[in-house]
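> Residue strings, one per chain:
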Amino acid sequence: MAGVLRKRTGREFLSQANHLLYAALVISFFVYFAPSPLENSIEPVVSADYIGHERPLSGAFHTLLADHYWLLSARRLEQHPEQGTPVAKQNFFKEMKRILTLDPGFTPGLHYGATYLASIYRDVDLSHALVDVVLDYYPYWADLIIFKITQEISYRYPPRPALIDQWLKVLDDLSYPTPVRLNEALVYAREQQAAWQQKDLRWLLNNARTSAEKQIIQKRLHDLESDRPSR
Amino acid sequence: MPVIALTRATALSLLRNGFSRFLFILACFFMAGALLMLSFDIGVRYRLLENTLLASQCFLLHLFAWSFGFDVLKKNTAEKLYVLPFSTSLSARSWLLGRFSGAAILVVGMGLLFLLVDTVLFAALKIDIFSVLMLQVLLYVASACLSLAVIFFLSCFLDVLSALIYGVVLWIIGHGLDELLLLTDQQFEPAVQILVQCFYYLLPNFSFFDISSQALNRLPIETEKLVFILTYPLIYIVVLLDIGAAIFSRKPIGQ
Chain F
1 MAGVLRKRTG
11 REFLSQANHL
21 LYAALVISFF
31 VYFAPSPLEN
41 SIEPVVSADY
51 IGHERPLSGA
61 FHTLLADHYW
71 LLSARRLEQH
81 PEQGTPVAKQ
91 NFFKEMKRIL
101 TLDPGFTPGL
111 HYGATYLASI
121 YRDVDLSHAL
131 VDVVLDYYPY
141 WADLIIFKIT
151 QEISYRYPPR
161 PALIDQWLKV
171 LDDLSYPTPV
181 RLNEALVYAR
191 EQQAAWQQKD
201 LRWLLNNART
211 SAEKQIIQKR
221 LHDLESDRPS
231 R
Chain D
1 MPVIALTRAT
11 ALSLLRNGFS
21 RFLFILACFF
31 MAGALLMLSF
41 DIGVRYRLLE
51 NTLLASQCFL
61 LHLFAWSFGF
71 DVLKKNTAEK
81 LYVLPFSTSL
91 SARSWLLGRF
101 SGAAILVVGM
111 GLLFLLVDTV
121 LFAALKIDIF
131 SVLMLQVLLY
141 VASACLSLAV
151 IFFLSCFLDV
161 LSALIYGVVL
171 WIIGHGLDEL
181 LLLTDQQFEP
191 AVQILVQCFY
201 YLLPNFSFFD
211 ISSQALNRLP
221 IETEKLVFIL
231 TYPLIYIVVL
241 LDIGAAIFSR
251 KPIGQ
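In order, the protein sequence lines correspond to chains F and D.
The numbering of the first sequence is my numbering, which starts it at 1 and goes up by one.
The numbering of the second sequence is my numbering, which starts it at 1 and goes up by one.
Keep in mind that the hints are not guaranteed to be accurate.
To be verified - BS3-like mimics (lysine-lysine), calculated; alpha carbons at most 30 Å apart, straight line: (1) F:K97 with F:K199; (2) F:K199 with F:K89; (3) D:K74 with F:K169; (4) F:K214 with F:K94; (5) F:K97 with D:K225; (6) F:K199 with F:K94.
The set of hints was computed from the structure by calculation and includes no laboratory data.
The structure displayed is predicted, hence computed values, not measured ones.
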């Protein structure tokens, strides 16, 4: 039988000390280099931002689940087209949030969802909330902060200067060349808003997932072009 | 070199097993099934195909690792092969390493076969071959090898079936560790946060190997993170097998 206890020799003691050193080296490697999902955060994430159990439980298959939900969401809208109700808006937001939590890198989904919320449902805050879901995972993604600024300028009049200023500061912190100054952004908002909204709607129309969504977008575009906004 | 001989013998014995052939046929079915996704378009061309390929290859590689691990460990008990380190000059460490390497080599071989299939398919479809997507397949191979090492380690103090079950459970837990850390950071007390941080660093963290979101959306990966992900499984496997061998060498024969 192996493992009978006996007195340790000096050589064995040294060998064990060697093991301790070896363990210390390995532990320091993990503690020093292991990437933590928390250390990248620019600001603390509020608890309401975290949702659901799907992401941890779906293991390595979370992106496949995201595609599945994307198809389900499109099919639901095709079968039960809901137009402009607050419930429809919340359902759309929840579906998009779930998809982006499962696959935060799914940029076509993010752009479609965020633009749809701002253009069709006229809710810039929900649109920003959707972008924030991805920013929780990729806080240094400057394009998304620029996207938020563009949404604010394009869909809210007057845009909130404090918020834009705050995002411009984040871009500065990331050493990202800021596209506009605050006062310029406010001027653009007054002059270009309608044109940007039309451009977004045309993009949505080209990328619509279902014929039901296409009809909703066409109606909104028609309203905007004939200068009769429907809210 | 006894380790190389043992590795070769283990790999050949696994290859001769009928179950390995069944797994190979299953892999062919999965690949053919993934090809059905060619016609689906969800805004990004071939995204569903790539996603299905990645998911099926991940599942298959881990299934291979678990089946091979179970088969090798079952043979150890059935044919009383565990007496070898006690009755010959072979050390417990070499024995465990040889048995592990035999199974791991086949998993790596399957991974390379999947890479070849992906390369041919992507070349035919004019999809970028040298992308993060291929790196993800390599990381699945590393993840499967680590999962195999966990099962070998657990078998040093548990029976074979329990080692397999706990190994699979640890794989599932390991995938959710990054989410668990985020969740506890937002909603729990500091004491719980510290406990979860201990889990995050000490348990085999399979969430490190999951870059599927970056792979499918062609997002870049920081070099520092990549170096870590590639080094992590090597160190973890060496440490697990080392501790496993130490436990095994102190285990009385027949237990």
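> Take the hints in turn and mark each one as holding or not.
Verification of the supplied hints:
1. A C-alpha spacing of about 24 Å is found between K97 of chain F and K199 of chain F, which places the hinted pair at or below 30 Å, so the restraint holds.
2. Distance hint between K199 of chain F and K89 of chain F is fulfilled; the C-alpha atoms sit about 22 Å from each other, no more than 30 Å.
3. For the hint linking K74 of chain D to K169 of chain F, the alpha-carbon distance of about 61 Å lies beyond 30 Å, and the restraint is violated.
4. Our distance criterion of 30 Å between C-alpha atoms is met by K214 of chain F and K94 of chain F, whose separation comes to about 20 Å.
5. As the CA atoms of K97 of chain F and K225 of chain D are separated by approximately 27 Å, the hinted pair is consistent with the 30 Å bound.
6. For the hint linking K199 of chain F to K94 of chain F, the alpha-carbon distance of about 25 Å falls within 30 Å, and the restraint holds.
In terms of the numbered hints stated before, the structure departs from hint 3 and from no other.
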